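Engineer: Spelled out from the first residue to the last, the chains are:
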Amino acid sequence: MEKTILLKMDKDKSLKIYINQEEKYSITGDNRSVSADKIYEIVGFTIGDHYKVVSENVNNVDKQVMDFFTELFNNITEKANSLSADKTTLEDNLDENFSID
Amino acid sequence: MGNTQNSVLKFDLHIHSKASEYKESDGIVTQSTKENISVLLSKLNENKVALFSITDHNRFDSDLYDSLIQALNAPDNPYPFIKGILAGIEFDVKLDATMEKCHIIAIFNAKNDLDKLKHIEFVINENLLTEKDAAYQKDKFWHVLREIGLDTILIASQSKDIHNHNGKHNALSDSVADVEEIIKMGYINALEFQKPKVEGILINNLTTFSLPIPLFSGSDCHDWYHYPFHDAINQNKEFHHSKAKILPTFKGLLLAITSPETRFDCRENRNKIFFDGIYLGDEFIPIVNGVNAIIGENGSGKTTLLKLINGKIGDSYVKKLICDNKLKIVFEIESSKIKYIQQGDIINKFNAQSLFKDEETNNFNELDNSAFIKAYTNFAKDLKCAINQNISSERIIYGLSKYTIAYDESLQNKCYYIDISCQKNFEKVNNPHTQPLKDVTDLIAKVEELSKDDYFQVYGEQINNLCKELNTIKTFIESKNNVTAFEANVKNIIHGCIKDYLRKVKQKSSSKDQEILEYNSKKQFFIDSIVEAIKLSFKNSTWPTIPNILRGESTSLKSGFNFNREALYNGVSMIDCFYSKMFINQYNTIEKLKTINTNDKLKEAIRGCTSIPDIEEKWNENLQKFISESTKTNDYITDGTNQQIGNTLGELSLSYYKYYTQDSDDWNVLIVDQPEDNISNNNISKNLISYFNYIRNEKQLIFVTHNPLLVVNLDADNIIFVRNNKGTLTTEQGCLEFEDEHTNILEIVANNMDGGKETIEKRLKVYGKNNTA
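Taken in order, these protein sequences are the chains called L and H. The opening residue of the first sequence carries number 1 in the numbering used here; numbering runs sequentially from there. The opening residue of the second sequence carries number 1 in the numbering used here; numbering runs sequentially from there.
FYI, nobody ran anything at the bench for these hints, they're computed from the structure. Please note that a few of the clues may not be correct.
As the list claims (entries may be wrong) - Only pairs whose alpha carbons sit at most 20 Å apart, straight line, appear in this in silico PhoX-like list of lysine-lysine:
1. 592(H) to 581(H)
2. 197(H) to 94(H)
3. 11(L) to 618(H)
4. 3(L) to 13(L)
5. 63(L) to 138(H)
6. 38(L) to 184(H)
7. 63(L) to 523(H)
8. 499(H) to 523(H)
9. 13(L) to 581(H)
10. 384(H) to 63(L)
11. 414(H) to 13(L)
12. 243(H) to 79(L)
13. 48(H) to 94(H)
14. 592(H) to 349(H)
15. 94(H) to 34(H)
16. 468(H) to 381(H)
17. 480(H) to 438(H)
18. 16(L) to 414(H)
19. 63(L) to 414(H)
20. 468(H) to 446(H)
21. 504(H) to 79(L)
22. 424(H) to 38(L)
23. 438(H) to 424(H)
24. 79(L) to 625(H)
25. 625(H) to 381(H)
26. 381(H) to 581(H)
27. 522(H) to 424(H)
28. 63(L) to 79(L)
29. 38(L) to 523(H)
30. 38(L) to 428(H)
From a predicted model like this one, the values you see are computed outputs, not experimental measurements.
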């Protein structure tokens, strides 16, 4: 499954994270922090999924912050995609009826 | 005549001649005269009778004997099968005045000496019975024998059950009330029967006897023209000659009587590969296909002869003796056909605990200790894990006091960059599916291996189904494992990327921001520590359960023995041993181990550990010692009834010989240097001799011995007496009864073996106290 991660910097300096156009998390300008657990949870990494990162900063707010954060997501998804590519072949072989807990 | 007993001879000690005529009114002995001895000798030769006696009713014809002896001594006599004649008489004796008479054959050791023969005749004529039905009273009979004055063997006729006392048959039981008693007293040396069915009855009668009593057949031939039958009319078609492995002499017969189990009913040796003999210069020393005993003083060269026979002539003193005496073996036998037990072999193997398990004969099965090793390795691992968890809990819970954080308003400001906190152990994901996946994969591999085994071919379908089921399970576990492994991988990636991110952020951040990040990081660590401490306070360490008692034993069955091997841990709990090897004495229960909550305490608890960095090494070292100790094996042997055979040197030596002699392997010659070593005389008599007897007709036995029991009681077929006079070897050789003008084997045994005389006397007691060989 294709998953698009949109990182959007709003004018009010809040940074929103969308997964397939659905807003999943918002990092406000007042408290610029997030945990590693949250990142894993937001993205919902699953075997076989393919991720694409898109960043949007129309107002060019805190460009450096946005660039670093986007680069982080690019790095993560690039590596996760390569993992998924390896696993896809294996999963294709699994019986469709098997449920994965 | 050879001087070793290497063949089985037929004999007949009950033949009449014309001298019996006074009791035989119908003329059946009329033609059994000196003039017709060629008739008798031809018939005996035809029947391959090697030893015989003319035993007339209460008469002795020395002329007839003289003629027979001369005929047999003639250099060109046409009777090659006939080897000897013994003087004898069939007496009518009334042993009990109130009962009937019986027939007793007396065989005399007259050594074919005409004077002795004439003396027998003289004594008989002096005490002659003239009436047909007359009999000697018991005292008179002993008087006659004493007057004759020769060594005598007495054979009583017994043509029916020994408990039948109805008279009419001239049987021993017609003349005495208790046949067993008179045999036990030594008056009678053997019983004579004529019909096979009577032999069966007598064997049955005598089964409870403690002493062996030989049973002879006698033809009772009266008319030589009809030998082996009684006469022209009375023909016992079932008659068969007795056979014995003896020299055809009185002494041969005497030794047969004193050891019927080794002399009667013998068969020819089935062994086809054996040593014939040794050359000592030009002299040939025969070695028989039976029991050969080499005797002599210490240093006489006995062992050298054994080594020569066995081809082990590497030692210089052996080489010299062989060379100086021109010793040579007739032909060599390949080593695989020989079993050679050197002097000291058994004690050396006993000390090395390698009896029964040398390279050639590894009778004990190897033990599979993997289950035990796995159980205790896992136990130790889980135990260490629990102790470490205890230590960690303690350290974390009581270490919280070291962690402080002061609230700083100025550091509550936002950062320019996004701060990403990464909880401790974020990337560590416990995958509970890894081990089950490995286990089920191993199981499938094992089942697939079994499916290729011939033994399991009959269960092919079931095994295939089992494989399918296991593969289904494996697929489920594998998918779960993949999901969890993927999660771990992704979290690891996220963790790594966050670290890169934070590094870059740090480089670009202002000093104030860096201070805020540091504060946040410290705060995160503080929170993590508290959370972890809370978790640990709620969680008890998981202490492993003590491993089950396991079996570690194997049994291998061979030649009637069970070769058992058992590990120390077999069937017993090893937990106390584990604690004592791993820890100092006070830590001998799980409860005690639960008190270890610091590395210092752990260091002190582990046996031999002196510093905290050594904990891991000492732990593993102690565990290995424990496993090594616990998997040590004890080997023991039981017999077929699972009765344990002792572990002393003597008991095991005896078992070693029993094992060898029951061994059905393809070998032919047993060579032993002093088999008596370490074995009591009682055990030699009761056991070792019977082991050797068991194989004497199937193998060739050659041994050196100083023990007369192995010569006299084993009834060696060939005794080789070796002398060494300043490096020059001489030998005398023959079976026990052999004697000529130079050599008398019984005398050699009596004079040259410790206890030899007593052993011979003890054997001859069976024959009668008043008789001497």
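Engineer: If a hint holds in the structure, say so; if it doesn't, say that too.
Structural biologist: Hints, verified against the model:
1. 592(H) to 581(H): holds (15 Å)
2. 197(H) to 94(H): violated (26 Å)
3. 11(L) to 618(H): Violated, at about 64 Å.
4. 3(L) to 13(L): Given pair residue 3(L), residue 13(L) is violated - Cα atoms ~25 Å apart, limit 20 Å.
5. 63(L) to 138(H): This hinted pair is violated, its Cα atoms lying about 144 Å apart.
6. 38(L) to 184(H): violated (108 Å)
7. 63(L) to 523(H): violated (28 Å)
8. 499(H) to 523(H): holds (17 Å)
9. 13(L) to 581(H): With Cα atoms ~66 Å apart, residue 13(L) and residue 581(H) exceed 20 Å; violated.
10. 384(H) to 63(L): violated (52 Å)
11. 414(H) to 13(L): Judged against 20 Å, a Cα distance of about 12 Å means the pair holds.
12. 243(H) to 79(L): violated (100 Å)
13. 48(H) to 94(H): Cα-Cα ~35 Å, so violated.
14. 592(H) to 349(H): Violated: residue 592(H) and residue 349(H) sit about 45 Å apart, past 20 Å.
15. 94(H) to 34(H): violated (31 Å)
16. 468(H) to 381(H): Cα-Cα ~34 Å, so violated.
17. 480(H) to 438(H): Between residue 480(H) and residue 438(H) the Cα gap is close to 13 Å, so the pair holds against 20 Å.
18. 16(L) to 414(H): holds (17 Å)
19. 63(L) to 414(H): holds (17 Å)
20. 468(H) to 446(H): With a Cα-Cα distance of about 14 Å, the restraint between residue 468(H) and residue 446(H) holds, given a limit of 20 Å.
21. 504(H) to 79(L): Answer holds: residue 504(H) to residue 79(L) is near 19 Å, not above 20 Å.
22. 424(H) to 38(L): holds (14 Å)
23. 438(H) to 424(H): violated (29 Å)
24. 79(L) to 625(H): Judged against 20 Å, a Cα distance of about 47 Å means the pair is violated.
25. 625(H) to 381(H): It holds: about 15 Å lies between the C-alpha atoms, which stays within 20 Å.
26. 381(H) to 581(H): Answer holds: residue 381(H) to residue 581(H) is near 15 Å, not above 20 Å.
27. 522(H) to 424(H): holds (12 Å)
28. 63(L) to 79(L): violated (24 Å)
29. 38(L) to 523(H): Given that 20 Å is the threshold and the Cα spacing comes to 18 Å, the pair holds.
30. 38(L) to 428(H): holds (16 Å)
Hint check: violations occur at hints 2, 3, 4, 5, 6, 7, 9, 10, 12, 13, 14, 15, 16, 23, 24 and 28; the rest are consistent with the structure.
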